[in-house]
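2 protein chains.
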Amino acid sequence: MIGRLNHVAIAVPDLDAAIAQYAGTLGANVGAPQDEPDHGVTVVFIELPNTKIELLHPLGDNSPITGYLDKNPAGGIHHICYEVDDIMAARDKLLADGARVLGTGAPKIGAHGKPVLFLHPKDFNGCLIELEQV
Amino acid sequence: MIGRLNHVAIAVPDLDAAIAQYAGTLGANVGAPQDEPDHGVTVVFIELPNTKIELLHPLGDNSPITGYLDKNPAGGIHHICYEVDDIMAARDKLLADGARVLGTGAPKIGAHGKPVLFLHPKDFNGCLIELEQV
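Residue numbers (my numbering), protein chains in the order written: chain U, 651 to 784; chain L, 651 to 784.
With the rest of the complex left out, here is chain U (with noise of 0.2 Å):
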């Protein structure tokens, strides 16, 4: 079901000095910010030759990354993302086999466009997995 890793998402609690570092230190090509307020996050892509990191940022007073730097200040790997051919048919298979989905189950359009559904972590190692219909 699952087919390419479409990112890794790392929640930074200073955006700037996190695209100073991959750009700089450690030579890696960085997009430019992006807000996205209807997810209250600001978001930077990192283009890796195979794959892409998503830099997460609070954007505004609800942002769902505040809570997560509150608890880890120095930042960390918030989420991965799984690519799926059919969401709908993604997310049947998984309510079928006990796991669960966050929200009220139905996608939602992420901050790429497309159709997403976030898994629970306790139900998958600890790991949020988003899940991307491309």
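Hints should not be assumed to be uniformly reliable.
Stated by the list, open to error - The list that follows gives simulated cross-link-like pairs (lysine-lysine, PhoX-like), each with its CA atoms no further than 20 Å apart: (1) U/LYS743 to U/LYS721; (2) L/LYS743 to L/LYS772; (3) L/LYS764 to U/LYS702; (4) L/LYS721 to U/LYS721; (5) L/LYS702 to L/LYS764; (6) U/LYS772 to L/LYS721; (7) U/LYS721 to U/LYS772; (8) U/LYS743 to U/LYS772; (9) U/LYS702 to U/LYS772; (10) L/LYS743 to L/LYS758; (11) L/LYS772 to L/LYS721; (12) L/LYS772 to U/LYS721.
Claimed, not checked - Examples of chain L residues toward chain U, derived with CB under 10 Å: (13) LEU655; (14) VAL662; (15) ASP666; (16) ALA678.
As the list claims (entries may be wrong) - Computed footprint of chain L on chain U, listed as stretches where at least three residues anywhere in the stretch have a Cβ under 8 Å from a Cβ of chain L: (17) 657 to 664; (18) 685 to 692; (19) 755 to 764.
Simulated from the structure, these hints should not be mistaken for lab results. Where is the CB? At the ideal position from N, CA and C, for every residue including glycine.
Given the coordinates of chain U, work out where chain L should sit on it, guided by the hints.
Relative to chain U, chain L alone:
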């Protein structure tokens, strides 16, 4: 400097359950468990079309994964591994920029039989980063 994302490593408390979940529910291509006594881990590689997931489970009495699972009983994303062409040049650049390399600073031979280094999570947004020379 950094190239491909070689793998994302996930520490798991129940290796058989994680294998069954990735092979069954998530429908991925899961390899056979490999004991790595020199590293204190049993590893399972999950081959995605563009990169790998590495499941990590403690092996023996002094596993580096035991402490992580004590703190994170459900498991979690343990580290990410970026490929580099020249690990000594990478190390020298990192040290010159003030980043800390774990251990003696000399590369070790990793679970894939190639030279690796680990970087201090506090210097990299709370992420444990492995560099592997490929």
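What hints, given by number in increasing order, does this structure fail? 1, 3, 9, 15, 18, 19
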